[in-house]
Every structure is written in structure tokens, then in C-alpha cells.
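A.B. asks: Residue strings, one per chain:
Protein chains: 2
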Amino acid sequence: VKKSNVVSSILGKHWQQAPQNAVGKAFAPTNIALCKYWGKRNQELNLPLTSSLSISLGNKGAFVELTRQDGEHDIVILNGQPVASDASFYKKLVNFLDLFRPQNAMRLRADIQSNIPIAAGLASSACGFASIAMALNDLFGWQLNTTELSILARLGSGSASRSIEPGFVEWQAGSREDGMDSYAVSLSETWPELCVGLLIVSEREKILSSREAMQRTVESSALYPAWPAKVSHDLVELKQAIANHDFALLGKAAESNATTMHATMLSAWPAIQYAVPETLLAMQTVWKLRSEGLALYFTQDAGPNIKLLFEKHNVATIQSHFPQVEILQPFKKGKHI
Amino acid sequence: VKKSNVVSSILGKHWQQAPQNAVGKAFAPTNIALCKYWGKRNQELNLPLTSSLSISLGNKGAFVELTRQDGEHDIVILNGQPVASDASFYKKLVNFLDLFRPQNAMRLRADIQSNIPIAAGLASSACGFASIAMALNDLFGWQLNTTELSILARLGSGSASRSIEPGFVEWQAGSREDGMDSYAVSLSETWPELCVGLLIVSEREKILSSREAMQRTVESSALYPAWPAKVSHDLVELKQAIANHDFALLGKAAESNATTMHATMLSAWPAIQYAVPETLLAMQTVWKLRSEGLALYFTQDAGPNIKLLFEKHNVATIQSHFPQVEILQPFKKGKHI
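If you're matching them up, the sequences are chains A and U in order. Note that our numbering gives residue 236 to position 236 of the first sequence, counting from 1, and the numbers run on in steps of one. The number in our numbering is simply the position in the second sequence, starting from 1, with 1000 added.
Rather than coming from a laboratory, the hints here were simulated on the basis of the structure. A portion of the hints provided could be inaccurate.
Which bits of chain U does chain A cover? Going by a derived footprint, with three or more residues having C-beta under 8 angstroms, they are [as the list claims (entries may be wrong)]:
hint, stretch
1, 1191-1204
2, 1222-1232
Reference listing, derived: stretches of chain A covered by chain U, where coverage requires no fewer than 3 residues with Cβ under 8 angstroms from a Cβ of chain U [stated by the list, open to error]:
hint, stretch
3, 220-231
4, 254-261
5, 269-276
6, 280-286
Residues from chain U shown here face chain A by an in silico Cβ test under 7 angstroms; the list is partial [as the list claims (entries may be wrong)]:
hint, residue
7, W1015
8, A1018
9, S1267
Even glycine gets a Cβ: it sits at the ideal position worked out from N, Cα and C.
Let's have the full structure, built from the sequences with the hints guiding it.
C.D. replies: Here it is in C-alpha cells:
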């Protein structure tokens, strides 16, 4: 099964349709996985070996405007700067856009405003591909539902499937070969007290893409075979924690899931270590504060940065210990960008 | 099965015997596991869940003199300093000595000279209990063989079973409930070119004993179930590497075994992280140098320090990149202490 088969199956007769609007606009939030997506069963379609569960980060994400572009080349603008056509981000984006113009007849200009550090482990590709999928839907007037958008976004980047909707989102792994049952669904629960604290310890491009890290881990880690059972366990705990607003359970399940994912990487060959010294120090501070009674947990993605998890009544304490933290309230209403 | 049953079974009628000599002396080398001992099937007897394989570090270790002591208390001297009777090291040592004086009638003075940092992940308890077992054998005149000494040393500390003999040593896990088939055997191969470089990044007492870390990992890590198969695989590779003096295979198997052991700890709850920032930096330097073609690997035990593995012809290069490294040649003949 190819990506184009999936797109054709979802768009049907609309696949060949011309844009209905002059401009397509969309915002997609980035998301942070509380239970990670780590390992693919299909590289082409970004089908995961396990389900995963994330929280969308409110107004942190990417806003896209898509317009038709005269000339021979697509134009990609990221935060006001043109992206060179030999950059890997440009190529990935054009490959994704190509899926939606089978006759290859139309060039596009994608103007992307992101308010999160690119490639610093903050799931920038998640909100990037999700916002592009949604903006295409707007531009062409396809009127797709969130399930269809989630599947299309997944073709760009697996975790983008979880960036279509706000709040808690579960990406169901599915089992079909064509992935038509592998999409994200929104959990109805909200948790206004919940806060995420971004600790950016390094804005450098990461040393290894999460795509490569994931593949190397699946292929070489002797511990990876135990990962799917860990995910199943953590998903049950996370849903229970969300249903009961049991913060200690949420924090424990999320942190333990993250450290276990990094453990699978450390056991790959060659070993993958995203932590930098500042990452270690931040983790140790979290553990120390928690041992002193503070309800503080963390998660970490395929990068050196740490995301703190805590509740609103602890904001002042967290700020006093982490002066550089950027605090987000995923359930707070507010303007994008 | 109790420790005293094992001692009685090995010493037989000699168990009640008075010392044959005025002083018992012994040296035992510390050892560094190339395939780690991580997880017990029996806490009382220190019986391991898997076999392990180590290299004894030549003249780095502990030298003990045991003498009878008048009065009511044992005396323990470590590097010239009396050890307080409420220190955990004192209690562990006295508990061990008690096994060998069932009527509890005789006090001992143990004068221990160690030339390795205590409790810094350099297996100080391994050479400590091995040297005590050997010194008791000398003091009492039991004339035990190395298999028996290995079993007795194991009762003090699991890895002490591997510190009775020099060179490459395999501790066979065994399967008997009384552990009489769980002891170390010396491999006959030597490898004079092999060097171990100690990178002491922290001499602080470690935050968590390896005993506790091991137990927490076995009980709480979702990845631990995959560890025994990893050990089986690495043991085959290590023995093949030793037989063929295949340094790249030895290094890869040892480093991968160590990072995988630390991965099982990172996936424990609460997570166990022995690395400090300097540990990370040293690991990254190793990976960078290796990517540039240098045959350099590392291993790490339950502590923050790194042990480099390389061959003699690279000594000058290693020293230029790690000015503080202490280089040991496990197979070099020489005086102890």
C-alpha cells in the first residue's frame, strides 16, 4: 500500500479537484505524548507498533497559509524566512504536497508560522504536517472530518495524526495493512488545572531524527520487545488518571513511559542518548523536588528538552525552581500565535 | 537455604576449627564486568538470574590482613582509618565474618588496604569480600580451592565471586537452590594488549547501592524481562571475541551490555540514573572518537564512572583525549598495592 492509495481512498473524486478557495488556512497545536509513539510497523504509511496518547498544547503550534503559486517550484516560508529547496524540511513538505496533486500541475506557497523551536524535540513536525493537512482541506474545500484529517496528517509524520484536535488525544494503532483504522481520537475529558512546563535546554537541531532513532531502536535494541506491553499498561493508567483527575497517577505513568522509551534507545546499537548534561540536571531536580513532596513529573521526547507536568496551584513553586520554564495550560482558551 | 548452611557444607568439620596461623593475608583484584551481573534469583545467597563475565584488574584491588583481636568487638581498618561500628560497611563485614565463627567466640581485626575508590562503582565490595574470604582461608588453614572460595566470597557480595582469580572470569549462574553450582571459573585465555582506562568522574559515595538498584530494577522495570536473553547473546560474543582476540567484537559486546543494563535501570520506577553530566560527556567523547576510527569502547557499572576499553597501541591517543585517565593492563605482571 502506497501513500497515494490512502489519499485516493479518502479523497475519492475530490482528489483531482481544483482549489475551491484562494487561500487555505489552519492552525494545529503541537502535542506532547504522555504515552509515546515509538516504533513503526510500516515505514511508508507511518503505522505504529502501538497506540499512543498525547495532550495538545493549546496555542503552541503552527499556523499555515496555503496559496497557489505561479512558476515551477513550491515556495516554503518558515517564520518569514524562505526555506531552501535542498533542505530536508522542504523536500519532506513537497513530497507531502505532491500526494494531493496527482497530476502535479499546481505549485503552492506554504507560509508557516511556528511558535515552537524547530527540531528541538517539541514535535514541530507533528503540528507542521497537521496544519498543512488542515490547510489543504480548507484550500480545496474537501470538508474532511477529523478522522480523515488525522490519517492524512499521519502520512506526513506519525505524531501529526495526534495534532488535529485539542486536549487529550489517543492515536489508535489499528491493525489494517492500509492503516485506515490508524488515526487519533479526541478524549472528551478536560483538565483545566493541568500545566506543561517547557524547559528548553538546547535549541540545537537534534543529532538524530526521531524517525531514524525509532528505526534503529526497533532493529537493534534487545529490550525493545518488552516495549509494547509497557505501552498497554501505561495507556490503561493514563486513561484512568485522566478520568479521575488523578495527577500522581498521570505523572507517574507519563514519566515512566518517557524514561522507558529513552531506555530502549540507550539499549540500541549504537546507543542513542538525547540527554545533554542540562537534561540530567533538570531530571535530578525534578526527582529531588518530588522526594520533598512536590507533585512534579516530567516527560521527554526524542530530544534533550524536558517537559514538566504539574498542576496550576504549583505554578509559583515551579517557577522559583526553574526560572526559565515556559508554562503552558493546554486547556486554557486563547488565541493562536 | 541460609548462608550458614552453605558455609557449613563447604567447611565441614573445619567450620569449628581454631585459626592455624597468627595472621591471614590475601590480595584480591577488583573486577570489571564485561557482561554484567544484574538481577538476583535469591537475595540471601546472592544467586544471580544470569551468568556474567569479567576481567580482573591486575594489582588494583584490596589487600587484607586478618588477626585475632582481644576484646568484645571486631575492628575494621580501611586504608589506615578505623571504620565506625555503626557504618554499613562495618556491619556487612561483621555479618560476613560471623558466618565463619559459628560459636561467635572470637573477635577479629581486619586491616584492609584498598587502592581503588570505595563505592564509586569500581566493585570495591567485590575485591573486599573476595580478599576477606581468601584471608580467612589463610588464617584458618582451610586449604579451600578457588571454586569454594568463589562460593564463599559470593555470600558477602555477588560480584566478589569473580574476584578470586585474575584474568577473564565467568561466573556461572547455576540453577541449584543452595547455589553450590553458582561460582566463577577462570577462562584460560590471556590478552596482554588489552587495556582498561579508569575515568573517575566522581568519587562521591553513590546515591543508591547496586544491591538496591538491582532489586528495584528487577521488581519495577518493564524492560527487565528482556535482559536475560541479552546476557546470553553477549556472553557468546564475548567468549568468541576473547578466543579470537577480536577487539571490536569485545568492545561492542561489552559497551552494549553496559548501556543495556543502564537502560533497565532507567526504566525502573523510580528511575535510576547513575550518570552525572561528566559521564555523559565522556560517553559522547568515546562515541565521537570511535566514529573517527579509534577502536575505543567503554563500560559502566552501578556508578557514574566510566571504564574505557582499548588496546595497548592506542595508549598515547587515549591519554591525549583523556588526560586524567588511569590506565591498567589486566594481564601485566606486577606487585600488588
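A.B. asks: Hint compliance check: list the failing hint numbers for this structure, sorted ascending.
C.D. replies: 1, 7 and 8
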